[in-house]
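> Protein sequence lines correspond, in order, to chains A and B. In terms of my numbering, the first sequence opens at residue 1079 and continues consecutively. In terms of my numbering, the second sequence opens at residue 96 and continues consecutively.
One or more of the hints may lead you astray.
Far from chain A, some chain B residues (derived; all Cβ distances over 10 Å) [what the hints assert, rightly or not]:
hint, residue
1, S138
2, H141
3, L149
4, T155
5, M217
6, K250
Label pairs and their in silico Cβ distance ranges [said to hold, decoys possible]:
hint, chain 1, residue 1, chain 2, residue 2, range
7, A, K1131, B, G241, 52 to 58 Å
8, A, S1085, B, L96, 39 to 45 Å
9, A, D1080, B, L96, 29 to 35 Å
10, B, P202, A, K1084, 55 to 61 Å
11, A, L1127, B, L288, 51 to 57 Å
12, A, K1131, B, N254, 50 to 56 Å
13, B, M217, A, V1221, 48 to 54 Å
Below, a list of computed lysine-lysine pairs in the BS3-like style, where the Cα atoms sit at most 27 Å apart [said to hold, decoys possible]:
hint, chain 1, residue 1, chain 2, residue 2
14, A, K1172, B, K312
15, A, K1203, A, K1084
16, A, K1131, B, K164
17, A, K1084, B, K150
18, A, K1203, B, K164
19, A, K1131, A, K1222
20, B, K150, A, K1092
If you're looking for bench data, these hints aren't it; they were derived computationally from the structure. Note that CB positions come from ideal geometry on N, CA and C, so glycine has one too.
What follows is the residue order along each chain.
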Amino acid sequence: LDHILKSAAQLNFKPLVIGFCCQYGLFGTGALASLWRGAKAGIWIVPVLCAAKVEADHILRAFELGSAGVFIAACGEQCARENTAFWVSQRIDKVRKTLVEIGLQPERLQAFIATDSDPASELDKFTERIGELYLASVIMQEVKS
Amino acid sequence: LIVAEQKPLDEITRMISPYDTVLIIGCGTCMTVCGAGGEREVSFLHAALRVAQLKGLDGTHTFSEYTLKRQCDPEFLEFLADKVVDADAILSLGCGIGVQAIAERFPDLPVLPGVDTSFMGMATEWGIWDERCAACGDCRLEETGGICPITRCTKGILNGPCAGTKNGKCEANKEMDCAWVLIYKRLERLQQLEKMRRYYPPRNFRAVPRPRRIVSKVSIDAGGNDG
């Protein structure tokens, strides 16, 4: 996984958004492929066997390697495993608290559960917000220098 | 088991700021189970400190991590001997006992606590821990149906509920069950209600001489039998 994240960081996407996506659920099969092919600028999808297996330190590792935003796409009730949404929300909450302590905005991390009304537009909103945050941080750096 | 909470990140960064090379040590027993300082938490803290360093650009610490099976046993501490050679400081995610055990074993190294050790308790459900034992050294659970009034009653009283109990809840916290109502119900179920009638004299609340020590080994007299 570290290898995949590193190769994502080498792409020089600005801002880079890394998404851990369940291979089977929402972004699974066709949707995942189309998202990938759609080449939504700056999004790098990491397919995982189960969204609940994305550990809190994987998420932080993505931020460490230069990602401006991270999302986890989990399948909802049709998940083959148990309580995926629960575990994902636990991780998200834990990492968000740490992000605040580090001084990053908690909305840089987002979970999409397949039961959400319109995941594609939600994702658009999310990337838009990350773009805004990224611009703001660039401007802040300019001002400082 | 011993329950603890991880310290806030800024407190940890403040503690480690004078040291360049920091070894983060987790504990594989209580701290793993209560999610405060196991292997996962160690690598999470490791990543968080790296990100914080990257973001703040202050200090250039080098971190390494290791998780012991148990920090409070001298046997396991031997595994650290070759790991601490390069370290300027040890950040222990063990309970207070683990921190002190490491400090005793490696007297030349500063040992920093990464968690706030809180109490002895159990998990009532995932992620919720409740205190169950105060380690008072004078167990009376036999008389109270296996429910400890010292720990679970806010006032720690010994002879039935106070006047503040209402609908089975405590007056200090409406969410919390009154320990003495629980004890009554349990004794009723066990058909041992006569235990409620017994009077327990006031406890001796004089300070317990600390530190306490239990010696379970016996010394073998020279020339005695070989056991």
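> Against this structure, judge whether each hint is valid.
Tested hints:
Here S138 (chain B) does not stay apart from chain A, with its beta-carbon only about 5 Å from theirs, under the 10 Å limit. The claim that H141 (chain B) lies off the interface is violated: its Cβ sits roughly 7 Å from the closest Cβ of chain A, which falls inside the 10 Å cut-off. A beta-carbon of chain A is positioned within 10 Å of the beta-carbon of L149 (chain B); the least distance is around 6 Å. Its beta-carbon lying about 15 Å from the closest one in chain A, T155 (chain B) satisfies the requirement of being farther than 10 Å from that chain.
Residue placement check: M217 (chain B) keeps its beta carbon more than 10 Å from all beta carbons of chain A (closest about 20 Å). Remark: the non-interface label on K250 (chain B) is consistent with the geometry, its nearest Cβ contact in chain A lying 34 Å away (cut-off 10 Å). For K1131 (chain A) and G241 (chain B), the Cβ-Cβ distance of about 39 Å falls outside the hinted range of 52 to 58 Å, so the restraint is violated. The hinted range of 39 to 45 Å is satisfied by S1085 (chain A) and L96 (chain B), whose Cβ atoms lie roughly 41 Å apart.
A beta carbon spacing of about 32 Å between D1080 (chain A) and L96 (chain B) agrees with the range 29 to 35 Å that was offered as a hint. With their beta carbons about 40 Å apart, P202 (chain B) and K1084 (chain A) fall outside the hinted range of 55 to 61 Å. Distance hint check: the CB atoms of L1127 (chain A) and L288 (chain B) are about 56 Å apart, consistent with the given range 51 to 57 Å. Distance hint check: the CB atoms of K1131 (chain A) and N254 (chain B) are about 52 Å apart, consistent with the given range 50 to 56 Å.
As the Cβ distance of M217 (chain B) to V1221 (chain A) is approximately 52 Å, the hint placing it in 48 to 54 Å holds. The hinted pair formed by K1172 (chain A) and K312 (chain B) fails the criterion: a straight-line CA distance of about 45 Å is larger than 27 Å. Annotation: proposed proximity of K1203 (chain A) to K1084 (chain A) holds, straight-line Cα distance about 26 Å (limit 27 Å). With a CA separation close to 24 Å, the supplied pair K1131 (chain A) and K164 (chain B) stays within the 27 Å bound.
About 18 Å separates the Cα atoms of K1084 (chain A) and K150 (chain B), which keeps this hinted pair within 27 Å; it holds. For a cut-off of 27 Å, the pair hint linking K1203 (chain A) to K164 (chain B) is broken: about 45 Å separates their Cα positions. The hinted pair formed by K1131 (chain A) and K1222 (chain A) fails the criterion: a straight-line CA distance of about 39 Å is larger than 27 Å. With a CA separation close to 17 Å, the supplied pair K150 (chain B) and K1092 (chain A) stays within the 27 Å bound.
In summary, the numbered hints that this structure violates are 1, 2, 3, 7, 10, 14, 18, 19.
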